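Participant: Here is what each chain is made of, one letter per residue.
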Amino acid sequence: MAGLKPFLLVEDNPNDIELTLAALESSNLANEIIICRDGAEALDFIYRRGTHEGRQAQDPAVVLLDLKLPKVDGLEVLAKIKGDPATRGIPVVMLTSSREETDVVRSYDLGVNAFVVKPVGFDEFFAAIKDIGVFWALLNEPPPHRGGWPSNA
Amino acid sequence: MKPSHDDEPRIDLTACDREPIHIVGSVQPHGFLLVLEPPSLTVVQASANAPAEAAVGTSLDAVFPHLAAIVRRHLDEPGAQTGASYLRTVTLTSDAARLTYEVAAHRVDGLVVLELEEVDAAAADLGLDVLTPRLRSFVERLHAAHDIAELCHLVAQDIRAVTGLDRALVYRFDRDWHGTVLAEDGNGALPSYLDLRFPASDIPAQARELYRRNRMRIIPDAGYAPVPILPAATPSGKPLDLSQSVLRSVSPVHVEYMRNMGTMASMSVSILIDGALWGLISCHNAAPKRVPLHARNACDVLAQIFALQLSARERGAQAEQRLALGQVQARLLGFMAEEDSFVDGLLKHPDDVLALVNASGAAVVTADRCRLMGATPEERDVRAMYDWLSGRGDTDDVFVSEALSETIPGAAGYADHASGLLAISVSKKYASYILWFRPEVVRTVKWGGNPVKPAVPDPAGGPDRLHPRKSFEIWKETVQGRSLPWSIPEVEAAKDLRASVLGIVLRRAEELAAMSEELQRSNKELEAFSYSVSHDLRAPFRHIVGYSNLLKTREGANLSEKGRHYVDTIIEAAFSAGTLVDNLLSFSQMGRNALKKVTGDMNALVEEVRRKVLRDVPADRAVRWEIEPLGRAYADPVMLRLVIENLLSNAVKYTRGKPEAVIAVGRLPPKDGEAVFFVRDNGAGFDMAYVDKLFGVFQRLHRVEDFEGTGIGLANVRRIVERHGGRTWAEGHLGRGATFYFTLPLREEAH
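Chains as they are written, first to last, in the numbering used here: chain E, 447 to 599; chain A, 5 to 755.
Derived from the structure by calculation, the hints contain no laboratory data. Computed from a predicted model, the values in this text were never measured in an experiment. One should not assume that every hint holds.
[As the list claims (entries may be wrong)] Okay, the calculated bits of chain E under chain A, using three or more residues with CB under 8 angstroms as the criterion:
{"id": "1", "segment": "459-467"}
{"id": "2", "segment": "557-568"}
[To be verified] Label-pair distances were calculated between CB atoms; the ranges are:
{"id": "3", "chain 1": "E", "residue 1": "535", "chain 2": "A", "residue 2": "536", "range": "55 to 63 angstroms"}
{"id": "4", "chain 1": "E", "residue 1": "517", "chain 2": "A", "residue 2": "528", "range": "23 to 31 angstroms"}
{"id": "5", "chain 1": "E", "residue 1": "519", "chain 2": "A", "residue 2": "739", "range": "51 to 59 angstroms"}
{"id": "6", "chain 1": "A", "residue 1": "370", "chain 2": "E", "residue 2": "519", "range": "47 to 55 angstroms"}
Cβ coordinates follow ideal geometry from the N, Cα and C atoms, glycine included.
All chains, please: the whole structure from these sequences, using the hints.
Facilitator: Given below as structure tokens:
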């Protein structure tokens, strides 16, 4: 389904990836889920460079971003996305273990759309992921795509 | 045009200070003066009364070879002393007569000044053999003298006896150079000046300087006609400096002053202590009288012995006082070192603070506090004094005044408590002072003549020409607004205290800086630790919980009953470990987040929390809430909400077994500036033996099977309340409920 925007999950921990995928799976969303294992790869995906150079020109429905990431950390990725007029419209949800107030404050300062602390409880965690998925995939109306004529390239 | 009264130039008493009395250019007529140019000893200047043979241009060798030989011998002596040296007695035969002279010589500007003073044949009987026993007995009596007054009296007696003059005074200069007659000996021919004060202008500055440089001055006849020195200038073209001269003519003002006093002859000997002019022994005679040289020499010796003795006594007295004050200071230092704040060390020992400088009152004043000890002015007056002191700008660290009302506006109003002020600045940055006060001591000073009018202008209108006052009638003045003076050891003791305080404050500051560095470091470590706990320790617990759940829901069918029980236990254990980490994190954050205190309605807050807590209460439980009016409180609402939430949820939790839970929230009457709140329940309660463990981190008094929890809730309550400056405590009985109290400091405006 070409119309459905993908979810971008930026997470380095394989356990978290698996659990998040399990939770998203249970919400019965059809969106494709792209997984990036570090901040640099996430930016490559957003900007369609490196291994993601040839991908379809479509912004993700939402970026689920961990804070602590190898190479480029979550806050840097957030700053880059929200600091660029071309990508500012992409919804970013911090999905993290950190409860540090400074992280929360800093994320909101950078323009994060939501900050979710992964609950320890399984049911709560599933519910949270499901809510996030449903909200950003179905309920949220993203800003209209401001691209010009389709490129010939 | 006649000048109006207002235009008249003010009589400037310092005009006397400007009179060039050391280059007066004339001598008194009881001897003659020759100025010789070495090595030829040619006469270059001579007083007009010098023998005609010794005319300017002649050589002394040619005229008085005997005298020339004496002078040469004097010049050959090594280490020529300053001041005139008496060489010997000579007899000169000149054209006029055969006369006996005492010869004195001194050098000035490369010239030799030779002074020949006529010997009064009648006075020659007082030889050295007569004087020696007197000197010896004087020294013995000086040693026996009890105090300075007695010393002064002895020296006055002896000097008068040696000189045979009518009256001898011991005259002491005070700090302002006014003089007071401390002792007197007289035969009644002249009026008594004992205890009288004389204004500083009577002996002007340059006269005092001459007294200092030339210890003895003699005027045998105030009615003399000055004899000029000719030519007026030395070969180098300057007027002759007569500072060291024994025959020097004195200022006409001084001669007039003497005549006005009714004295025709005078002699004075300077008393120097450590090179400074302490006072004079001033002798007068109603009629003209010459004091022979050996008598004067004896007086000089007497005066020097007296000065030595005086200086020893004064030093002794000061040393004694220093010692006494030093002991007080050592005690205070100990007290200050014991306390966290040096101020407490002082405040707890007011007697020593006052004794340190013999004050009757003291105050320690900082920008926000003013603490008084002993007899002091009102606090607002002390504060005004403090404002004045700190407003002086960058001045001395010690301020000393014995007449505060002359310096600080409004000080006359509290002169009875503080006419004297000794103040030290102990912190420039925070403008802190220690002040000591002395009360007013009203005294009557008897002046020898009105000190306000010590001189009148010359009626003939000569420029700068002054006439000394004619009246020496006693003029009484009541001195008000003055305290006893602060002695040198007292001022030094205050300075030493200042140094000690600065030392202590500095050491404290260093300790604090080191401590805060250490704290900052450990705070940083804690932050780093809690950050990693937050991120890295939480994750594995989440994973355990997550995977166990997946196992249970997706593979549960393949597990035995026992297997499912194991999985449940894993989930439960990992979940509680995760919760523990969360609680630990919130506890550490609580200590680090800044408090944002505002005043708010306690009942509204309690109600909000109660609704939240109720959501977790099973519907089948009966809970009766008894919430009293709680008023307002001044606290960080986010933090305070956590306190209430912990206490209410605890109350709900521990009343679980009761058929009807009764939870009361109330407020006790304020005590010691604190608002006291409590939360009471009729639940499980606790054994008072463990009350100390109640508020500890991870301390639990119940088994997990009975009541779930991590043991962090009450630790959070205590931590938050203590950060607000309040206290927490609890009372309880096993099985009969518990009451938890917490206090919050009252804000002045909040009640």
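Participant: Taking 23 to 31 angstroms as the stated bounds, is the beta-carbon spacing between residue 517 of chain E and residue 528 of chain A within them?
Facilitator: holds, 25 angstroms
Participant: Is 51 to 59 angstroms a correct range for the gap between the Cβ atoms of residue 519 of chain E and residue 739 of chain A?
Facilitator: holds, 54 angstroms
Participant: Under a C-beta cut-off of less than 8 angstroms, do 3 or more residues of the segment 459-467 of chain E approach chain A closely enough to confirm the stated coverage?
Facilitator: Contact hint for the segment 459-467 of chain E vs chain A: holds, 4 residues under 8 angstroms.
Participant: Given the hint of 47 to 55 angstroms, is the C-beta distance from residue 370 of chain A to residue 519 of chain E inside that range or not?
Facilitator: The hinted range 47 to 55 angstroms holds for residue 370 of chain A and residue 519 of chain E, with Cβ atoms some 49 angstroms apart.
Participant: Indicate whether the distance between the beta carbons of residue 535 of chain E and residue 536 of chain A respects the range 55 to 63 angstroms.
Facilitator: Violated, since residue 535 of chain E and residue 536 of chain A (Cβ atoms, about 34 angstroms apart) do not stay within the stated range.
Participant: Closer than 8 angstroms, Cβ to Cβ, for at least three residues: run that test on the segment 557-568 of chain E against chain A and report holds or violated.
Facilitator: Per the Cβ count (5), the hint holds.
This entry does not satisfy hint 3, going by the numbered hints stated previously; all others are met.
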